[in-house]
Structure formats: C-alpha cells, structure tokens
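Using the sequences and the hints given, assemble the complete structure.
Take 0 as the starting number for the sequence shown in numbering that gives the first Met the number 0 and just add one per residue.
A portion of the hints provided could be inaccurate.
Claimed, not checked - Taking lysine to any residue pairs in the SDA-like style, the calculated list, with each CA pair at most 25 Å apart, reads:
hint, residue 1, residue 2
1, Lys57, Gly141
2, Lys157, Asn28
3, Lys104, Gly141
4, Lys37, Glu1
5, Lys104, Glu84
6, Lys120, Glu148
7, Lys104, Lys47
8, Lys3, Lys37
9, Lys157, Leu123
10, Lys104, Arg91
11, Lys37, Met92
12, Lys3, Asn126
13, Lys37, Leu88
14, Lys138, Asn166
15, Lys47, Thr16
16, Lys157, Pro94
17, Lys3, Ser117
18, Lys57, Pro81
19, Lys47, Val63
20, Lys50, Ala132
21, Lys138, Thr20
22, Lys138, Phe158
23, Lys37, Gly141
24, Lys37, Thr17
25, Lys104, Ser117
26, Lys57, Ala72
27, Lys3, Lys47
28, Lys47, Trp71
29, Lys157, Thr129
30, Lys50, His75
31, Lys3, Thr17
32, Lys104, Trp71
33, Lys120, Pro109
34, Lys47, Gly30
35, Lys57, Arg91
36, Lys3, Glu148
37, Lys120, Pro94
Hint data in this document are derived by calculation from the structure and do not stem from the laboratory.
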Amino acid sequence: MEQKVFGLVGWSGSGKTTLVTRLLPELTNRGLSVSTVKHTHHDIEVDKPGKDSFRHRKSGAVEVLITSPVRWALVHELREAPEPEMTELIGRMGPVDIILVEGFKSHPYPKLEIHRPSTGKALLADNDETVVAVASDEKIEGLDIPVLELSDMGQIAKFIIEHCQLNPVSENGADD
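Shown next, in the form of structure tokens:
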C-alpha cells in the first residue's frame, strides 16, 4: 500500500508547526493514524553528548537504534552523503492513514499553504500547482483553489480527509 502524503508549507514564521500540532488531534480524534515528517535546513541532534547512543554515532556507526519500553528512534548519519529523497524517507516509515510533511516545499505531493498576508510574503500557490489549498488568517481573493480559515481545524481536517480520500472512523474532531 502506498502511503498517503500531504504537505504543509509556507514561509518561515507562517505557523506551520503550530498548524501541525493543532491538526494532529483533529485527525487522530477521527480515528486516523498520522505520522509526520519535519524538514529543517539546520543541523539536528537527537541524542546527547555522553550518552551511549551519542558515543556509538560519534565512533562511526551509520545508524544507531535507541530503544526503550516507551519509544524507539533510529538515527542515521549521512556522513557526507546527499540527503535522501522524500520517497526514500517515507519508505522507511511504518504504515499509517496519512503522513503530514512540514516543509519540503519543492517536492511534488499535494500541499496546503499556510499564508499570512500581513508578512508581506508572496503566495507560494501562485507558482506551485501542487498547492491545492491555502489556509490564511485573512481573506484572499482571486485564487482558483480553496482558501480555508487558518483557525478552523475542523475545516482544514475535512479538506485533507476529502482530498486524500481518507476514511475516518468518526466525523468528529478535537473540538466536537
């Protein structure tokens, strides 16, 4: 089964992470299983200096699997290799109803743009046909795609469910 992937994109500071964290309960309360991918241009550290897993990685391990009774994490060092393509990364994830991707603007999956006109930034949707809707805190005229209310998680969840043809167990979200 191919994973369903839906992106959330926008300029830095637009509220992507806030939207993801508010949208997750809306989707999971409808009985959907959801995973996320967060893209960053910054270096990330997921373990701490002095910890055994950190020492394994720094000593040359390509991958370190850290496991406990409550969670596990796989840390993969690129070691000068190029960043993997989105399809490869998603292929490493377990099966879920949908994967929400924050970032990866240039990848060709359907996306919701988070746009705040007050920032003065251009709409990504104007030059990206993979943007299938815009969520904004202000009214936007003249678009050929839906414009959703940024604060209405029910409306945004419903749009994603319909667009991705998901089958929620419940029609009720976090606010119902």
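To see whether the hints hold, each was checked on the structure:
no.: 1; hint: Lys57 with Gly141; verdict: violated, 53 Å
no.: 2; hint: Lys157 with Asn28; verdict: holds, 12 Å
no.: 3; hint: Lys104 with Gly141; verdict: holds, 22 Å
no.: 4; hint: Lys37 with Glu1; verdict: holds, 20 Å
no.: 5; hint: Lys104 with Glu84; verdict: holds, 13 Å
no.: 6; hint: Lys120 with Glu148; verdict: holds, 18 Å
no.: 7; hint: Lys104 with Lys47; verdict: violated, 30 Å
no.: 8; hint: Lys3 with Lys37; verdict: holds, 16 Å
no.: 9; hint: Lys157 with Leu123; verdict: holds, 22 Å
no.: 10; hint: Lys104 with Arg91; verdict: holds, 20 Å
no.: 11; hint: Lys37 with Met92; verdict: holds, 13 Å
no.: 12; hint: Lys3 with Asn126; verdict: holds, 23 Å
no.: 13; hint: Lys37 with Leu88; verdict: holds, 11 Å
no.: 14; hint: Lys138 with Asn166; verdict: violated, 30 Å
no.: 15; hint: Lys47 with Thr16; verdict: holds, 24 Å
no.: 16; hint: Lys157 with Pro94; verdict: holds, 21 Å
no.: 17; hint: Lys3 with Ser117; verdict: violated, 32 Å
no.: 18; hint: Lys57 with Pro81; verdict: holds, 19 Å
no.: 19; hint: Lys47 with Val63; verdict: holds, 13 Å
no.: 20; hint: Lys50 with Ala132; verdict: violated, 44 Å
no.: 21; hint: Lys138 with Thr20; verdict: holds, 23 Å
no.: 22; hint: Lys138 with Phe158; verdict: holds, 17 Å
no.: 23; hint: Lys37 with Gly141; verdict: violated, 30 Å
no.: 24; hint: Lys37 with Thr17; verdict: holds, 12 Å
no.: 25; hint: Lys104 with Ser117; verdict: holds, 21 Å
no.: 26; hint: Lys57 with Ala72; verdict: holds, 16 Å
no.: 27; hint: Lys3 with Lys47; verdict: violated, 33 Å
no.: 28; hint: Lys47 with Trp71; verdict: holds, 15 Å
no.: 29; hint: Lys157 with Thr129; verdict: holds, 18 Å
no.: 30; hint: Lys50 with His75; verdict: holds, 16 Å
no.: 31; hint: Lys3 with Thr17; verdict: holds, 21 Å
no.: 32; hint: Lys104 with Trp71; verdict: violated, 28 Å
no.: 33; hint: Lys120 with Pro109; verdict: holds, 21 Å
no.: 34; hint: Lys47 with Gly30; verdict: violated, 35 Å
no.: 35; hint: Lys57 with Arg91; verdict: holds, 23 Å
no.: 36; hint: Lys3 with Glu148; verdict: holds, 23 Å
no.: 37; hint: Lys120 with Pro94; verdict: violated, 36 Å
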